[in-house]
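K.L.:
Here is what each chain is made of, one letter per residue.
2 protein chains.
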Amino acid sequence: MIYFDNASTTKYKPEEVYKAFEYYVREIGVSPGRGSYQLGIEASRMLFKTRKKVAEYFGLSSNNVIFTKNSTEAINLFFNGFLKQGDHAIISCYEHNAVLRPLHQLKLARIIDYSVVSREDLELKPKEIYEKYVKENTVLFATTLASNLTGRIVFSSDIMEFMKNKGLTTFVDASQGAGKIRLAMTEQNIDYLTFTGHKDLMALPGVGGLCCVKQPSWKPLIQGGTGVLGDSYVNPDVFPEEYEAGTLNMPAIWSLKSALEVCTERFEENKKIESELMNYLLDKLNGLEHVIVYDLDYKRVNTVGFNLMNRKSNEVVEFLDRCGICTRGGIHCAILAHEALGTKESGVVRISMSAFNKKEEIDTLIRYLEDCR
Amino acid sequence: MIYFDNASTTKYKPEEVYKAFEYYVREIGVSPGRGSYQLGIEASRMLFKTRKKVAEYFGLSSNNVIFTKNSTEAINLFFNGFLKQGDHAIISCYEHNAVLRPLHQLKLARIIDYSVVSREDLELKPKEIYEKYVKENTVLFATTLASNLTGRIVFSSDIMEFMKNKGLTTFVDASQGAGKIRLAMTEQNIDYLTFTGHKDLMALPGVGGLCCVKQPSWKPLIQGGTGVLGDSYVNPDVFPEEYEAGTLNMPAIWSLKSALEVCTERFEENKKIESELMNYLLDKLNGLEHVIVYDLDYKRVNTVGFNLMNRKSNEVVEFLDRCGICTRGGIHCAILAHEALGTKESGVVRISMSAFNKKEEIDTLIRYLEDCR
Numbered sequence: 223m224i225y226f227d228n229a230s231t232t233k234y235k236p237e238e239v240y241k242a243f244e245y246y247v248r249e250i251g252v253s254p255g256r257g258s259y260q261l262g263i264e265a266s267r268m269l270f271k272t273r274k275k276v277a278e279y280f281g282l283s284s285n286n287v288i289f290t291k292n293s294t295e296a297i298n299l300f301f302n303g304f305l306k307q308g309d310h311a312i313i314s315c316y317e318h319n320a321v322l323r324p325l326h327q328l329k330l331a332r333i334i335d336y337s338v339v340s341r342e343d344l345e346l347k348p349k350e351i352y353e354k355y356v357k358e359n360t361v362l363f364a365t366t367l368a369s370n371l372t373g374r375i376v377f378s379s380d381i382m383e384f385m386k387n388k389g390l391t392t393f394v395d396a397s398q399g400a401g402k403i404r405l406a407m408t409e410q411n412i413d414y415l416t417f418t419g420h421k422d423l424m425a426l427p428g429v430g431g432l433c434c435v436k437q438p439s440w441k442p443l444i445q446g447g448t449g450v451l452g453d454s455y456v457n458p459d460v461f462p463e464e465y466e467a468g469t470l471n472m473p474a475i476w477s478l479k480s481a482l483e484v485c486t487e488r489f490e491e492n493k494k495i496e497s498e499l500m501n502y503l504l505d506k507l508n509g510l511e512h513v514i515v516y517d518l519d520y521k522r523v524n525t526v527g528f529n530l531m532n533r534k535s536n537e538v539v540e541f542l543d544r545c546g547i548c549t550r551g552g553i554h555c556a557i558l559a560h561e562a563l564g565t566k567e568s569g570v571v572r573i574s575m576s577a578f579n580k581k582e583e584i585d586t587l588i589r590y591l592e593d594c595r
Numbered sequence: 223m224i225y226f227d228n229a230s231t232t233k234y235k236p237e238e239v240y241k242a243f244e245y246y247v248r249e250i251g252v253s254p255g256r257g258s259y260q261l262g263i264e265a266s267r268m269l270f271k272t273r274k275k276v277a278e279y280f281g282l283s284s285n286n287v288i289f290t291k292n293s294t295e296a297i298n299l300f301f302n303g304f305l306k307q308g309d310h311a312i313i314s315c316y317e318h319n320a321v322l323r324p325l326h327q328l329k330l331a332r333i334i335d336y337s338v339v340s341r342e343d344l345e346l347k348p349k350e351i352y353e354k355y356v357k358e359n360t361v362l363f364a365t366t367l368a369s370n371l372t373g374r375i376v377f378s379s380d381i382m383e384f385m386k387n388k389g390l391t392t393f394v395d396a397s398q399g400a401g402k403i404r405l406a407m408t409e410q411n412i413d414y415l416t417f418t419g420h421k422d423l424m425a426l427p428g429v430g431g432l433c434c435v436k437q438p439s440w441k442p443l444i445q446g447g448t449g450v451l452g453d454s455y456v457n458p459d460v461f462p463e464e465y466e467a468g469t470l471n472m473p474a475i476w477s478l479k480s481a482l483e484v485c486t487e488r489f490e491e492n493k494k495i496e497s498e499l500m501n502y503l504l505d506k507l508n509g510l511e512h513v514i515v516y517d518l519d520y521k522r523v524n525t526v527g528f529n530l531m532n533r534k535s536n537e538v539v540e541f542l543d544r545c546g547i548c549t550r551g552g553i554h555c556a557i558l559a560h561e562a563l564g565t566k567e568s569g570v571v572r573i574s575m576s577a578f579n580k581k582e583e584i585d586t587l588i589r590y591l592e593d594c595r
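Residue numbers (my numbering), protein chains in the order written: chain L, 223 to 595; chain V, 223 to 595.
Think of the hints as simulated: they come from the structure by calculation, not from any bench. All residues carry an ideal CB built from backbone N, CA and C; glycine is no exception. Some clues are possibly wrong.
[To be verified] Label pairs and their in silico Cβ distance ranges:
#1 D335(L) x K521(V): 47 to 57 Å
#2 K347(L) x K436(V): 51 to 61 Å
#3 T586(V) x P458(L): 27 to 37 Å
#4 S284(L) x K566(V): 45 to 55 Å
#5 D335(L) x P458(V): 34 to 44 Å
#6 S283(L) x M531(V): 47 to 57 Å
#7 M531(V) x F270(L): 29 to 39 Å
#8 E498(V) x F270(L): 32 to 42 Å
#9 E567(V) x E490(L): 22 to 32 Å
#10 S497(V) x E537(L): 52 to 62 Å
#11 E237(L) x Y234(V): 51 to 61 Å
[As the list claims (entries may be wrong)] Here are the simulated DSSO-like pairs of lysine-lysine, each with C-alpha atoms no more than 30 Å apart in a straight line:
#12 K233(V) x K271(L)
#13 K306(L) x K271(L)
#14 K493(V) x K233(V)
#15 K506(V) x K233(V)
#16 K494(V) x K580(V)
#17 K494(V) x K441(L)
#18 K306(L) x K306(V)
#19 K233(L) x K271(V)
#20 K436(L) x K275(L)
#21 K233(V) x K241(L)
#22 K275(L) x K241(V)
#23 K441(L) x K306(V)
#24 K275(V) x K357(V)
#25 K506(V) x K271(V)
#26 K566(V) x K441(L)
#27 K271(V) x K233(V)
#28 K441(V) x K241(L)
#29 K233(L) x K506(V)
#30 K233(L) x K233(V)
#31 K580(V) x K386(V)
#32 K329(L) x K306(V)
#33 K329(L) x K566(L)
#34 K306(L) x K441(V)
#35 K521(V) x K534(V)
#36 K306(L) x K241(L)
#37 K441(V) x K441(L)
#38 K275(L) x K274(V)
Could you build the full structure based on these sequences and the hints that come with them?
P.N.:
Below is the structure:
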């Protein structure tokens with residue numbers, strides 16, 4: 223089996239990650255912040271170490287990291303907490319539905335409004351984007367790090383800097399690309415950032431989070447037991463516990479610590495492997511005249527979206543599945559990007575790679591695509 | 223080390239649960255509902271099988287189960303979705319903060335109001351409780367299955383039946399006791415039930431859920447990618463996907479399937495072990511004249527709350543920790559129960575057992591408690 227759906231979930235993880243996970247499950251096994259016995263304190267220490275590691279990884283000078291179950295929860299927490307009645311937000315046309323839908327829900331509830339920067343306008347200078355999209359009530363500029371559909375890197379330090387200087391709050395959804403592009407939140411003017419563990423950070427599923435340059439003061443998404451100040455009738459005003467009610471998924475959290483260590487240690491090595499794979503794939507795809515590659519000319523992460531002429535994406539995906547190749551077709555929870563690319567009807571075939579992929583797998587893919595006309 | 227904090231998290235799981243978890247992580251490793259390739263379909267099948275198993279376990283005739291990260295999220299989803307402006311809810315004084323806090327937050331936002339059935343009034347006949355607490359705008363009667371503080375079984379089939387017949391919606395938080403007491407939702411007039419995997423159901427952390435006799439029609443807590451109908455600007459009206467946006471924690475979900483199988487197969491066997499342990503412990507504690515046991519005369523799950531005269535609970539817990547015994551003191555995220563018992567200042571020492579505990583461990587505990595005056 224050839225696995226090319228790493229933008230959904232990286233199937234293969236570094237052995238260290240499996241080991242960390244299994245260690246937590248079999249040797250620790252208790253919840254942090256619940257019991258004051260030694261093993262509970264060790265669990266709390268492991269939670270703290272992971273929080274610190276995440277903060278370091280994303281270039282935060284504090285440990286302002288809130289753990290959630292995935293980036294979707296983190297994004298909902300952020301939008302529902304940060305945005306207030308009458309606010310206006312700006313997003314890019316490459317946002318995942320995890321960004322679009324909570325915003326649109328807030329719009330339907332007549333709480334906020336939002337605008338979408340078009341594919342063409344993302345080429346404009348920051349000042350031009352500002353002048354075209356920012357309104358009197360705009361408070362937030364939000365962008366994905368990279369498109370989950372085409373792999374295009376959408377995040378721009380220059381835009382962030384401009385918006386930040388103009389007084390807007392800035393947000394990056396780093397669900398795609400966090401393991402491939404190193405961000406430094408403070409330096410790069412990113413106020414808030416969400417991530418998920420199970421994609422290219424290479425951790426196990428069940429952990430994501432919200433990183434914050436400044437500790438938030440808005441309401442949490444979930445009320446419940448926090449392990450601290452249990453006598454309060456609502457979540458206590460203690461960071462980060464206020465935002466982490468309920469039992470945390472420590473096995474996944476501990477796997478994330480290990481995963482980030484691996485991402486850091488092997489960053490250059492993996493980047494080299496992945497760039498070579500991606501260049502090889504793009505080159506080969508380009509050589510097939512019945513293939514249309516989207517966003518070909520942009521800088522990208524290890525994802526490429528394409529179609530075969532006169533074929534719906536899902537037909538191609540099913541054909542490839544019969545050949546033992548796992549890819550993904552359809553909408554990819556990114557409707558805005560399809561509207562921008564004009565691929566709403568056909569969907570898009572997506573190949574997303576990790577450093578575990580091999581050139582020979584690309585050769586196999588291309589051989590089958592040649593036959594698929 | 224002696225582990226007596228199973229009401230926080232069961233540290234030791236059946237080997238089958240570890241194995242299921244590791245199998246998913248190492249052999250499957252992909253997300254359900256994302257790719258249409260064979261392995262993705264297998265993941266979806268495993269998700270379906272677990273959903274079916276949960277439904278069976280809680281006596282649902284449909285598969286109306288929504289997976290969340292823990293019971294806290296499930297409770298927030300339920301209250302925030304089900305309750306409408308102007309509604310009134312009734313809860314017991316034994317509710318965990320996971321029930322109290324989302325309700326109290328809704329009260330602070332002037333959306334709903336709620337009343338708390340006192341410890342004494344829980345002894346009343348259903349009709350008397352109804353007459354004393356139900357108002358014109360009461361829509362919900364909610365109760366915990368068992369107290370996380372004292373172990374007392376709070377759920378009563380008779381009360382549920384009465385409230386249901388009177389037209390109220392009924393809800394049970396089964397976070398404590400779900401593995402020890404078999405519930406049959408349809409037969410026992412329970413409209414909604416929340417559970418968590420990592421306590422006495424013996425699954426891994428990171429999965430909980432909301433079981434529903436009828437599919438809900440209210441808004442989800444979290445908006446985002448659902449893997450279906452990706453072209454909709456908000457979560458599509460498809461059950462259960464509408465309520466499960468974002469990547470599911472499949473390793474924990476698959477461990478839950480295995481855990482429920484074990485719970486079912488070894489139900490009588492484990493119940494016998496645990497009852498014997500609990501009777502032995504209660505008998506021994508009763509023999510210590512400087513010990514006050516709370517809710518001694520009630521039917522209980524494998525949890526007991528007590529105090530030593532003139533000692534704060536946390537002093538005792540720290541002393542026991544130095545003796546290698548893990549217990550929990552303080553408030554246990556159950557402030558209402560402490561108010562009812564008059565233990566807000568001292569907290570309560572909690573011993574919570576599983577079938578992995580041994581009589582000799584209880585002997586050791588008692589020996590140390592004898593010395594702790």
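K.L.:
Hints first: check each against the structure and report whether it holds.
P.N.:
Going down the list of hints, with the structure as the test:
1. D335(L) x K521(V): 47 to 57 Å: holds (55 Å)
2. K347(L) x K436(V): 51 to 61 Å: holds (54 Å)
3. T586(V) x P458(L): 27 to 37 Å: holds (35 Å)
4. S284(L) x K566(V): 45 to 55 Å: Given about 34 Å between the Cβ atoms, the range is violated.
5. D335(L) x P458(V): 34 to 44 Å: violated (22 Å)
6. S283(L) x M531(V): 47 to 57 Å: Holds, at about 49 Å.
7. M531(V) x F270(L): 29 to 39 Å: holds (36 Å)
8. E498(V) x F270(L): 32 to 42 Å: With a Cβ separation near 39 Å, E498(V) and F270(L) satisfy 32 to 42 Å, so the hint holds.
9. E567(V) x E490(L): 22 to 32 Å: Given a distance of about 57 Å, which is not inside 22 to 32 Å, the answer is violated.
10. S497(V) x E537(L): 52 to 62 Å: Between S497(V) and E537(L), where Cβ atoms are some 59 Å apart, the hint holds.
11. E237(L) x Y234(V): 51 to 61 Å: violated (25 Å)
12. K233(V) x K271(L): Holds. K233(V) to K271(L) sits at ~21 Å (cutoff 30 Å).
13. K306(L) x K271(L): violated (33 Å)
14. K493(V) x K233(V): holds (18 Å)
15. K506(V) x K233(V): holds (24 Å)
16. K494(V) x K580(V): It holds: about 13 Å lies between the C-alpha atoms, which stays within 30 Å.
17. K494(V) x K441(L): violated (45 Å)
18. K306(L) x K306(V): Satisfied, since the Cα-Cα distance of roughly 21 Å is no more than 30 Å.
19. K233(L) x K271(V): Given pair K233(L), K271(V) holds - Cα atoms ~21 Å apart, limit 30 Å.
20. K436(L) x K275(L): Roughly 17 Å separates the two Cα atoms, so the pair holds.
21. K233(V) x K241(L): With a Cα-Cα distance of about 18 Å, the restraint between K233(V) and K241(L) holds, given a limit of 30 Å.
22. K275(L) x K241(V): Given that 30 Å is the threshold and the Cα spacing comes to 29 Å, the pair holds.
23. K441(L) x K306(V): holds (19 Å)
24. K275(V) x K357(V): violated (37 Å)
25. K506(V) x K271(V): Roughly 43 Å between the alpha carbons, so the hint for K506(V) and K271(V) is violated.
26. K566(V) x K441(L): Answer holds: K566(V) to K441(L) is near 26 Å, not above 30 Å.
27. K271(V) x K233(V): holds (25 Å)
28. K441(V) x K241(L): violated (39 Å)
29. K233(L) x K506(V): violated (51 Å)
30. K233(L) x K233(V): holds (27 Å)
31. K580(V) x K386(V): violated (41 Å)
32. K329(L) x K306(V): holds (20 Å)
33. K329(L) x K566(L): holds (23 Å)
34. K306(L) x K441(V): Satisfied, since the Cα-Cα distance of roughly 19 Å is no more than 30 Å.
35. K521(V) x K534(V): Holds. K521(V) to K534(V) sits at ~26 Å (cutoff 30 Å).
36. K306(L) x K241(L): Violated, at about 43 Å.
37. K441(V) x K441(L): holds (19 Å)
38. K275(L) x K274(V): Answer violated: K275(L) to K274(V) is near 38 Å, above 30 Å.
When held up to the earlier numbered hints, the structure conflicts with 4, 5, 9, 11, 13, 17, 24, 25, 28, 29, 31, 36 and 38 and fits the remainder.
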